[in-house]
Amino acid sequence: MSKILIQNGRVIDPSQDMDRQTNVLIEDGKIAAYDAEPSGDEQLIDATDKIVSPGLVDMHVHLREPGREEDETVATGTAAAVAGGFTSIACIPNTEPPIDTQDTVQFIKHQAALADNCNVFVVACVSKGREGKELAEIGQLVNAGAVAFSDDGSPIYDSELLRRALEYCSMFDKAVLNHAETLELTRGGVMHEGSVSMVLALPGMPAEAEDVMTSRDISLAESTGGRMHVMHISSAGSVELIRRAKSRGVPITTEVMPHHFTLTDECLRTFDSNFKMSPPLRGARHVQACLDGLVDGTIEVIATDHAPHAREKKMQELDTAPFGIIGLETCLGLVVRELIEPGLLDWPTALAKMTINPSRILGIDKGTLAIGADADVTVIDPTVRWIVDPSQGYSKSVNTPFGGEELIGRADTVIVGGRVKFFAGELVSACTV
Amino acid sequence: MSIDVSDVQAIPAAWTRTDLLDLESLSAEEITLILDAAESFREQTDGCTKKINVLQGTTVANLFFENSTRTRTSFSLAARRLGADTVDFSSSGSSLSKGETFIDTAKNIEAMGVDAVVVRHRTPGTPRLLSQNIGCAVVNAGDGPHEHPTQGLLDILTIRQQRESLAGLTVGLVGDIAHSRTARSNIWGLQKLGAHVIVCGPSTLVSKRWEEFDVEIAHNLDDILPRCDVLNLLRIQFERQQLRPFPSVREYALLYAMTAERMKAAKDDVLIMAPGPINRGVEVTPEVADGPHSVILDQVTNGLAVRMAVLWLITGANERNEPKPR
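Residue numbers (this note's numbering), protein chains in the order written: chain H, 1 to 433; chain F, 1001 to 1326.
Since the hints were derived computationally from the structure, they do not count as laboratory data. A couple of the hints might just be wrong.
As the list claims (entries may be wrong) - Quick list of in silico lysine-lysine cross-link-like pairs, PhoX-like style, CA-CA up to 25 Å:
1. H:109 <-> H:30
2. F:1192 <-> F:1208
3. H:313 <-> F:1107
4. F:1267 <-> F:1192
5. H:314 <-> F:1107
6. H:30 <-> H:3
Based on the sequences and whatever the hints tell you, model everything.
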């Protein structure tokens, strides 16, 4: 296989506390050497004034296939991932049918191999049929390649089922990912419950709905010792609960989405369904808590919850429009604009939350530029300012609230397994259908 | 102030809106302008019984995606008194049941040559969504529990007819504040014109967050009764409630029904209002609803005048302006 030399970049690899100007040599699909000089037979990539990062990892992506190919497919979703700088994504099993058998895990892996855009890791269902009643065949799903377990789309409601899942998954050292939402408190809800929902008379989803279940999840993680991961944290109460749990050694981790540290419930005054997601956009106090959690390390992962919905579905009335927004192609630009430019996070800390941290939670050998590792590399232009144009995106859907906004920073070159997949703002020989 | 309502050319330059979506975003001047125009329509049409053909040649469509009798009748009559043609559309007899989105429905109706659309819908924000997608003028005739601007305006007009000014008056809104579009439109409209607003009802239906908007909160009707110049008795919206927010209708009536006994503690000149339809015996007893302090039927008459004024203003402004971009 050909050689690639990435020259003169600022190489930041949080997995080995590395942050220095150097050249990175890729050979046979692996990271081969640092400080290498050109020998004449490599493809040269100039990374002057750029950041060379381990390929970004998004542990929370809805690819919609099988079942809802009008929203997204494995091919289009992975194309969007690559364009956003991600070389590995984990897909969530709330498809139709849900990913709860070896067959469906293998189907996703097969589709990902055909698309050949980026690495796809499969999160499989905790429960059969994602019905929240009995455990799915977790051991066999692990054998088929599942890296974690979740019923996301729905919370794992039955506390006994969650307890068993945590105990059982710990045999395989796999994490359980839960969507924390106490459904009785959010019944009919459309947006965060607060002054804005009161004025707009839209049914509310109070922050306590998240906190009550996060509290339960912490208790069960503590008693079982199982690895618990709280998905898409959005409330001040949950951030504080997790902060305290971590301080006493509970095996709990969490992730936040860019929209939850960027936007507030005031956005709903437009009644635009692109501001409708679950958990909902909350008040300024909650946004600040998410930022604080990112800064002090309580929140170790930034993920997207990329949730495509075809245009006609989002064009409905606010109460019938589905929850969720796409996020793969805007994540990096929001992280730079909201976290790095204002000085909240430095580059190594921000990149850790998008590379090695999610990789460790999923137990995958990704998110590192260590010698011998798979050559998944994202070269980032850290200062480029660009305008989000949803119609120019690679996702099949356009349901983003960030259309027309100026973001800072973007993937310039993306290398997956030693092959250049994205170069100079364009996908390279990628599958996009 | 009297306004010349004989011609759309006479619409004051201060009026530029081509939609009426809510009262929250209106200025005191705009609200006063609508009220003045409504008064003029009442005078010039002899209490709105005679036709005045200022909107002749235009068509007003009533798009009611939720049940209504009085509001729809009121808008239809208002349009016809102005000389406009009207078309009625209700969701039960439409292609909505065939899976068409409401935006498509509205675009189809607009394509038939409609100048103004009056829309009622169960979902807050739907009139705004519609106004962003079609070019004709849009009036919100109630979007779920969010706003019902013409109801707010007719309530305020009714008070204004009985009192010199709204400024300094204390208005009590009693009942299901959480699910009441009438409450929200009244709160914004009354505050802009200088009235003090108290919202009173069970704590499950009256959010303490209203204090952030300078609205007084009360849970005991008898405590606030002696201070109120106006009591607007709002209907319990059983159909919008998820889990019944009080133990029984009987208990609610004991705590909040306006009765002859409670009237003794009220001001001598208190005005009793209700947006209707009223649940007699729940929010108000018949002797109070039909008693000397009641202005409930004045509200209905004023509703017609307010809707004439609104249709005249927004349709006229839409004709005067460049069509809004689609």
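Verification of the supplied hints:
no.	hint	verdict
1	H:109 <-> H:30	holds, 21 Å
2	F:1192 <-> F:1208	holds, 21 Å
3	H:313 <-> F:1107	holds, 17 Å
4	F:1267 <-> F:1192	holds, 24 Å
5	H:314 <-> F:1107	holds, 17 Å
6	H:30 <-> H:3	holds, 10 Å
Of the numbered hints given earlier, the model fails none.
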